[in-house]
Amino acid sequence: MQDNNDIIPIGQMIFILMIAMVGAGILTLPRDLAEIVPYDHWIVLLAGGLVAIVGALIHGAIIRLKPRKQYFEILCDALTKPIAYIVGLTYVLYLVGFIGLLTRIFGEVIKVYLLTNTPLEVITISILAAAIYSARKGIEVLGRMMQFGFPSVVTTIVFIFALSFTRSDFANLLPVFEITPAEILKGTPTTILSFIGIEMILFFGVHLEQPKKATKAYIAVVAILLFYMLIVTATLAQFGPIQVKSLLWPTLDLFDTIELPGLFIENIQVVVMSLWVLTIFSTTAPMFLAATVMTESLTGSKDHAYLAAPFLPLVYLVSIIPENISKTYEIMNIYTRYVASAMIFVVPLIVLISLVIQKKLRREEKVNV
Amino acid sequence: MYKRKAIFLLLISFLLTGCWDKVEIEDRAHINAVGIDKYSSSAEDDKVADIDEQTKEAKEAKDTERNKYTFTFSFPDETKKEGADITIATVGDALYSVSRIMADRTNKEIFLGHLRTVIIDVDVAKDSKSFREILDGIENNELLSRRVVLAMTDDSAGDIIKVKPTMQPRVGQFIAELFRRRDRTPRAPSGSVGDILKDLHETGNALIPRITAGKTDVKVAGAGIISDYQFKGWLGEIETALLMLLKGETRILGGMRVDYKGYSIPIDMRPKKPKMSLIDDESNMKILIEIEAEADVKQTYFESKEDMLKAEVIKEVEELANREIKKRTEETIHKIQKEFGVDVIGVDRFLRQRHYSLWKSLEKDWRDIFPNIDIEVKMDVKIRRIGLIR
Numbered sequence: 001m002q003d004n005n006d007i008i009p010i011g012q013m014i015f016i017l018m019i020a021m022v023g024a025g026i027l028t029l030p031r032d033l034a035e036i037v038p039y040d041h042w043i044v045l046l047a048g049g050l051v052a053i054v055g056a057l058i059h060g061a062i063i064r065l066k067p068r069k070q071y072f073e074i075l076c077d078a079l080t081k082p083i084a085y086i087v088g089l090t091y092v093l094y095l096v097g098f099i100g101l102l103t104r105i106f107g108e109v110i111k112v113y114l115l116t117n118t119p120l121e122v123i124t125i126s127i128l129a130a131a132i133y134s135a136r137k138g139i140e141v142l143g144r145m146m147q148f149g150f151p152s153v154v155t156t157i158v159f160i161f162a163l164s165f166t167r168s169d170f171a172n173l174l175p176v177f178e179i180t181p182a183e184i185l186k187g188t189p190t191t192i193l194s195f196i197g198i199e200m201i202l203f204f205g206v207h208l209e210q211p212k213k214a215t216k217a218y219i220a221v222v223a224i225l226l227f228y229m230l231i232v233t234a235t236l237a238q239f240g241p242i243q244v245k246s247l248l249w250p251t252l253d254l255f256d257t258i259e260l261p262g263l264f265i266e267n268i269q270v271v272v273m274s275l276w277v278l279t280i281f282s283t284t285a286p287m288f289l290a291a292t293v294m295t296e297s298l299t300g301s302k303d304h305a306y307l308a309a310p311f312l313p314l315v316y317l318v319s320i321i322p323e324n325i326s327k328t329y330e331i332m333n334i335y336t337r338y339v340a341s342a343m344i345f346v347v348p349l350i351v352l353i354s355l356v357i358q359k360k361l362r363r364e365e366k367v368n369v
Numbered sequence: 001m002y003k004r005k006a007i008f009l010l011l012i013s014f015l016l017t018g019c020w021d022k023v024e025i026e027d028r029a030h031i032n033a034v035g036i037d038k039y040s041s042s043a044e045d046d047k048v049a050d051i052d053e054q055t056k057e058a059k060e061a062k063d064t065e066r067n068k069y070t071f072t073f074s075f076p077d078e079t080k081k082e083g084a085d086i087t088i089a090t091v092g093d094a095l096y097s098v099s100r101i102m103a104d105r106t107n108k109e110i111f112l113g114h115l116r117t118v119i120i121d122v123d124v125a126k127d128s129k130s131f132r133e134i135l136d137g138i139e140n141n142e143l144l145s146r147r148v149v150l151a152m153t154d155d156s157a158g159d160i161i162k163v164k165p166t167m168q169p170r171v172g173q174f175i176a177e178l179f180r181r182r183d184r185t186p187r188a189p190s191g192s193v194g195d196i197l198k199d200l201h202e203t204g205n206a207l208i209p210r211i212t213a214g215k216t217d218v219k220v221a222g223a224g225i226i227s228d229y230q231f232k233g234w235l236g237e238i239e240t241a242l243l244m245l246l247k248g249e250t251r252i253l254g255g256m257r258v259d260y261k262g263y264s265i266p267i268d269m270r271p272k273k274p275k276m277s278l279i280d281d282e283s284n285m286k287i288l289i290e291i292e293a294e295a296d297v298k299q300t301y302f303e304s305k306e307d308m309l310k311a312e313v314i315k316e317v318e319e320l321a322n323r324e325i326k327k328r329t330e331e332t333i334h335k336i337q338k339e340f341g342v343d344v345i346g347v348d349r350f351l352r353q354r355h356y357s358l359w360k361s362l363e364k365d366w367r368d369i370f371p372n373i374d375i376e377v378k379m380d381v382k383i384r385r386i387g388l389i390r
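From first to last, the protein sequence lines are chains A and B. Per our numbering, residue 1 is the first one in the first sequence, and the count goes up by one each step. Per our numbering, residue 1 is the first one in the second sequence, and the count goes up by one each step.
Since the hints were derived computationally from the structure, they do not count as laboratory data. Idealized CB from N, CA, C, for every residue including glycine. Among the hints, erroneous ones may be present.
Stated by the list, open to error - In silico contact screen, one side only, chain A against chain B (beta carbon under 8 Å); selected entries:
no.: 1; residue: T116
no.: 2; residue: T156
no.: 3; residue: D253
Using the sequences provided together with the hints, build the complete structure.
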């Protein structure tokens, strides 16, 4: 096996995608769902998941059509060079914005639950510094890290959720099948936030060992969908849909209700918080890498490593823009509803259509010749 | 070389994120119980807790806008080995601000992360505004767990915090453990603040366990009914037990007695989760609650003439038990419906979960509808064992 060749198997890619998706959305997902509909939250989530799966398939198809090519090159092929520069730059800005908002939420949560006296700046900069460090090392390191870290994180989280079931009342999930199709349509965009990160495959597709398998990325969405189902079920069964609406971070409150048999740890939140630090790190790290890789192609430079650090002040700047936590979530909502949806679904769809048409035209030309 | 050192030092400052929050454990007062009383200026008022360590401020406090409540904290005294608690009282307008103001007068940082028990005075709960203030103070505090026990008292809350139980010197832990015991009788509802908050969020109604102080112990029995974020009245011990039976929040119901041919026969019941169903009687809505339970006969009568091994005797005892419990639960329901008019039985939740469209049409007027619906109880006690003597 060759070292440092920047080629990763699809398995590692799926791990990267999975853990990139479990970001800030996990904290608020149950509340967001409870706000849109009073019942049948899982159906809305399922609908959101299906949309994300379609997205993953679109992304996979793009990689399959243009294997071993940087996303920027694909954009050039599909949309002509000038537009590709604009779109590429938008992607970089989108990623910077998203990482910024994410780190802000991260900082706020850590400050409330863990480090009340530590300045927000120090919390955000520490996590950003770690993410940048890993972004400098490239995709291979990232892939191996996720492959190593993911199973342990997930087993622990699932175990903790299972503990919460001992005290929950599943009648809280009733009534079922009362939802109307209109409500599902209305609710689906809200769930998209939870699946942001799936677009990472576009940036990393060039590093795939077998680009033909790129469509397998949908496995990541399915796995995460199941994971979210578990979380939403656990949270709603514990608190009931009415109370969830008033909780700022219902998923974190859920851990508060857990009583470990024998009480060998009184506050399980410590464990949860450390897991959450890891999750946010593994969401921001691939995004950082994606942003640097994109900038690398935009500027036409040879190495991405030195491009990572300049993002820190930019991201930091975004993270301090919102005045307070409610503003943060307001911006986040608008961001995910419009910007993220466009960058994850609309742009790739246009790219794919353009690529398919080009391919057809070429084939016709060949036939004509 | 100099540069490297500088970078190294800079890095360390990031690696040590969290040192800002370092507190030595002995510098913290780990509060394990809080009592909240309505503050009243007249010191003669016997409601004010008589605390030896009563602080200067609590004594001199004026009856101003800010001095709404008397808070009594209890925390372990690390200087003593035998786990003695320190009790201090202070006045203020919110749990949070008080725990901050205390810093001016104690050499320790008040830390609520290990709080086990909150006792509130019934006067606080009688005023919906102050009750909601206190509740939000509990729910909104990131350090307070949802497993904290919340109980209500007729006496002064401070008096309860002051009790030094002989079995477990920490009163907060003592009360919390009372509620966690598995063989606890259902004479008081689960005191977990998470459950209470959930009920209040959903309907504005809840049951809060009642606690009374003894000299060296406390008693948890009965429940306070909260309606519309306000104290409505007390429910007796037995009534609470029967209500818990109806709600399916108990797995064991000891202390039931059946009068059989002049003997009093105690039986031990293990009820299953009751089944609620809606019988739509054109004109009048009817709710049927079916309760199945297994029971053991624990005692009869020495050298009694009745043979417990005979199937028909068992049958008769079963019948009696059924009739007795059914009668008493229906009395309880009647009391809840007519006297309090507060749906603490959970019919509203049942309708919302199982009959959503019907519930939507009733939701607005539920407060007026609830006292007039028919609730029927169907008991099915099956006696399984009769002890060692026939």
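Hints versus structure:
1. T116: Holds, about 6 Å.
2. T156: 20 Å, violated
3. D253: 7 Å, holds
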